[in-house]
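Full structure from sequences and hints, please.
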Amino acid sequence: MVSLQHHRVPHLLTILLCWSGLVIFSNSALAGQQLSSVVDSHAQVGRYSVIAVRPTAGQQDLLSVARAITIPSNIKRVGDAPDWLLHDSGYRLADDAVLSEEVVAMFDLPLPAAHRQFEPMPLNAVLGQMVGPAFRIVEDTVHRLIAFERCKDASDPMSIGGTQ
1 MVSLQHHRVP
11 HLLTILLCWS
21 GLVIFSNSAL
31 AGQQLSSVVD
41 SHAQVGRYSV
51 IAVRPTAGQQ
61 DLLSVARAIT
71 IPSNIKRVGD
81 APDWLLHDSG
91 YRLADDAVLS
101 EEVVAMFDLP
111 LPAAHRQFEP
121 MPLNAVLGQM
131 VGPAFRIVED
141 TVHRLIAFER
151 CKDASDPMSI
161 GGTQ
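Heads up: the sequence shown at position 15 corresponds to 15 in my numbering, and the numbers run straight through without jumps.
Treat the hints with care, since some could be wrong.
What the hints assert, rightly or not - Per label pair, the in silico range of CB-to-CB distance:
no., residue 1, residue 2, range
1, Pro133, Tyr48, 48 to 58 Å
2, Pro120, Arg150, 25 to 35 Å
3, Ala113, Ile51, 14 to 24 Å
4, Gly46, Asp96, 21 to 31 Å
5, Arg92, Arg47, 37 to 47 Å
6, Ile137, Thr56, 20 to 30 Å
7, Pro120, Arg144, 17 to 27 Å
8, Val98, Tyr48, 45 to 55 Å
9, Ala113, Asp83, 38 to 48 Å
10, Ser100, Arg54, 34 to 44 Å
11, Ala105, His143, 18 to 28 Å
Just so you know, these hints were derived from the structure itself, not from any lab.
Note that CB positions come from ideal geometry on N, CA and C, so glycine has one too.
What follows is the structure, given as structure tokens:
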């Protein structure tokens with residue numbers, strides 16, 4: 001009899017260990033399936049993972065989204081590029097009626113080859129490069145419109161790199 005009980009203990013121990021392993025595994029699976037809990041602008045998305053719950057910079061400021069951009073070859077004028085750039089940004093170019101004659105004249109210029117491809121940079125920086133240092137971006141955040149105006153210092157040759 002002694003030898004029979006001796007063999008039962010390891011068998012019972014094995015069953016007990018397997019059962020406890022199954023319980024631990026099922027509890028960890030349930031913990032992994034739980035939805036995130038939000039506390040103080042942070043969300044727990046896993047057992048050990050916590051993320052900040054807030055919009056990204058690009059979601060707060062649509063023109064600050066950094067993108068690598070390649071302007072298609074069918075865009076020939078500077079004025080056609082902002083329309084193409086803004087097509088999925090949530091913004092649009094202001095009507096020509098509100099643009100100054102200087103801006104309209106700048107829009108008629110040919111698009112330089114150097115302005116056809118940009119490394120990842122914010123959309124407002126790309127627009128600024130396209131229009132050059134003589135103009136600045138005017139943003140209407142209420143109506144999500146973009147316009148341009150001539151910089152006040154642009155008439156001074158010294159302010160844009162001219163000579164005396």
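Here's how the hints hold up against the structure:
| no. | hint | in the structure |
| --- | --- | --- |
| 1 | Pro133 <-> Tyr48: 48 to 58 Å | holds, 50 Å |
| 2 | Pro120 <-> Arg150: 25 to 35 Å | holds, 29 Å |
| 3 | Ala113 <-> Ile51: 14 to 24 Å | violated, 42 Å |
| 4 | Gly46 <-> Asp96: 21 to 31 Å | violated, 52 Å |
| 5 | Arg92 <-> Arg47: 37 to 47 Å | holds, 45 Å |
| 6 | Ile137 <-> Thr56: 20 to 30 Å | holds, 21 Å |
| 7 | Pro120 <-> Arg144: 17 to 27 Å | holds, 23 Å |
| 8 | Val98 <-> Tyr48: 45 to 55 Å | holds, 54 Å |
| 9 | Ala113 <-> Asp83: 38 to 48 Å | violated, 19 Å |
| 10 | Ser100 <-> Arg54: 34 to 44 Å | holds, 39 Å |
| 11 | Ala105 <-> His143: 18 to 28 Å | holds, 25 Å |
Consistency note: the structure conflicts with the earlier hints numbered 3, 4 and 9.
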